[in-house]
Amino acid sequence: MLISVENLTKVYKTYQRGSSFKETVKSLLVRKPLYVHALKGISFGIAAGELVGFLGPNGAGKSTTLKILTGILYPSSGAVDVMGYTPWRDRKKYVAKIGAVFGQKSQLLWDIPPIDAFYLNKAIYAIPDRVFKRTMENMVELLDLKDVIRKPTRQLSLGERMKCEFIMAMLHQPEIVFLDEPTIGLDVIAKDKIREFILEMNKKGVTFILTTHDLSDIEHLARRVIVVNHGEIVFDDSIATLRRHWGEKKIIAVSTVHPLPDLTLPGITVTKRISDYQAELELDLAVYELNKFIALVNKASTIRDLSVQEPQIEEAIKVLYKK
Amino acid sequence: MRNNIRIYLVGAKTALASRMAYRADFFMSMLIMLLVEMAAPLITIMIYQNGATFPGWTMYEALLIQGVFLLGKGIAAPFFFGIVWNTIERVQNGTFDLLMIKPKSVLFMAIVTGFDAEDLGKLIGGTTLFTLALSRLPMPGLGEWLQFLLLFLLTLAVLFGYGLILAGLGIVWIGNFRVYQIFESITNFGLYPAAIFSKPLQTVITLVIPVAILGSVPATVLLGRPSAGTIGAVGVGLLFLLFSLGFWRWMLKKYTSVGG
Amino acid sequence: MGKRVTVGQKIGQWMRVLKATAFSTYKEWVAYRSQMAVTIFVGPVFFLTQIFIWRAVYAARTTLNGLTLEQMLTYYGIVAVIGYLTFDSADWDLQWLIRNGSFLTYMLRPVSYCFLALAQKIGHRLLALWVELIPVYLLFIYLFKIDLVPAQPGWAILSLGLSFILVYLTNYCIGITAFWFTKTEGLRRAFLTLRDLSAGMLIPLTFFPKGMQKVLFYLPFQFITYVPTRVFIGHYELAGISLSIPQVVGLQFVATLVMFAVAQLLWYFGIKRFTGVGA
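Protein chains in written order, with the numbering used here: chain U, 1 to 323; chain Z, 1001 to 1260; chain V, 2001 to 2279.
Each hint can be trusted.
Just so you have them, the derived chain U footprint on chain Z, three or more residues with Cβ under 8 Å: (1) 1008 to 1020; (2) 1101 to 1108; (3) 1247 to 1258.
By construction, these hints were calculated from the structure, which means they are not laboratory data. Glycine included, every Cβ here is placed at the ideal spot set by N, Cα and C.
Build out the structure end to end from the sequences listed, making use of the hints.
As structure tokens, then:
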């Protein structure tokens, strides 16, 4: 296991501050401590070359986990081993081998070209000249940034800046890259390009840990999803399993030549009745098989158009978040 | 070590380039930095020109103390005192973490990314005042110069210590730029000959809180009349530096316990 | 056909906006009261330096430029007090709003920004009254034994009030320059230092060379600090000109009106540029 996390807990101590005047005065003398359990003993392992997505509502413990894994925060208890290092203890040696992209915190300097920031990183990570040149040119090529890296950062679009952040994070060829909301605010083309880049790098053996709220990111990138809620892991499995989390279901949109038959049958839930000839519904395959459904509708009303889809993982996520 | 110096130079060059993106404003800001520092010397000159004095001190002697102090600040401000605003800003907007994911000490990263080109104006101002004052005074001998140099190094070390404490405070006292005012008010005593203060106060600024070491102590050595308690001041200065390093580490530990 | 609004109703409306804005700013700043409390330490410490500087200077004489040691220290004490009463960051606030574009939201409101920002100042200075001013005032009186009772309280209050508005207007004008300059930080700092110097904050204006004093007399800055301080002390003098208290407060009033006119003019041109160039 490249990354192994065992029984990680994090407890924050804050103080209860009353809202009424009497409580505020009392709190000046005696403060009642309040313990927030951000992480309640999570465990997981990540192998080299994986691409894992972390999901969870705000305050679930995602960023706490990310901060502990990057060595910025130390836990209350538990063990973390990444490539043989304990992140917060061996910080300086450990972070030389990892990269991080924080979607909302830029490492670039506003008024000067990104390439100047690259050179600063080169010095900090002590990257040899030739390796630096090769790595940078490779990534600039992949991300199509040749004309961009010498323009002042403030003249770049958000998509271009984000791509540069990726280059910054990977110039020193880290084995693991942590991504925190990397596609936030980007247009579809930029998102696509970045996802392509991540997949390409992943193919070359870089392990990616991605935390995001963007489910389409997850669908395009992650093969494995870990869902965190209330400081605990509530799901750790593949995307396919996530989709089937609440059973085998299909989303069907059907339009017919003649009026639709009575669809109030067990296993069929009509979600939208557009007209007598068109409807959208949810089919529970465990109760009503797909071929039987198609046969039923065709026989009764002659199908004009039919679409069959996997259910959106959004629904599954919502269920997990509510737990 | 050589690698670290290189990193610092690249960081300084980057900060300078960044600041030079607004060239006209940069040079004007530098000039203004220079002038703003001249407030205390200006007041001193006006006092003397109106016929008054600090008893026992000629105008140029008083200005030399201020020159030493401002020279010290002029070296500190651009090259390492920037850790104060750098830390306060970064902790406030969440980018302090970006310093922590680099394979270098957080303090080093704060210094590297805290180079402030604008403050070079303070350096020019301090150098000008120092040379001007010195030019109107009898030239110190080699012995005095050597003693001065050593004490001045301590001045810089103490300023660094103040920077560490202010930056450390910036980690827990989120977004409070007023810490600069605390620093200015305390070190203000260093701009004047220690002798004008009451005996108890003199003891405090020489042997308790290292303020006299910023101006009075090195300047008086250069004038050939070392202040009382110079050796004590040296000891206190060194202790202060050690204390401030420990304080910074302590504040950093708090940050990594809570995560900002 | 719009509804006719009487003058009384208009004033009532403005008072409501004033109250609401002032109180909301007050509450905003309460969250930063520990930062404000730093002043209780910083002010007296700075003053301590002044005490020793002037004690040393007065060791060999009893008066300097017509002021005794006691009057000199009173001067600095009053300057500090006026500072707390009249401080604002209208210049920085306005240029920040303009630079990041959120100024737009103020233009969409049916109240003048000038009035709104003044109401904000009233709000946070009300808080400063008991967090900064009163503690330091008491420290000055009891610890440093400075006599901070004005010679003519009525005129002193009037003068302070005018200074309050004048500081606001000058800061406001600096802020307006942000419509033209993208980075005003350097200019602003220069202006503030120059202003503080010519307002007599760092040293009584009578210490300046006679030629400079004549210039300083005609600049509006003396009315910010020097004039109210002199009104407090009880007699005014600059560039050899001596005026009675009512006369100099009257002059201060005129200066405030002039500054108001300048502010309105600058604002007019600034808004023209802002809406012309676009957000």
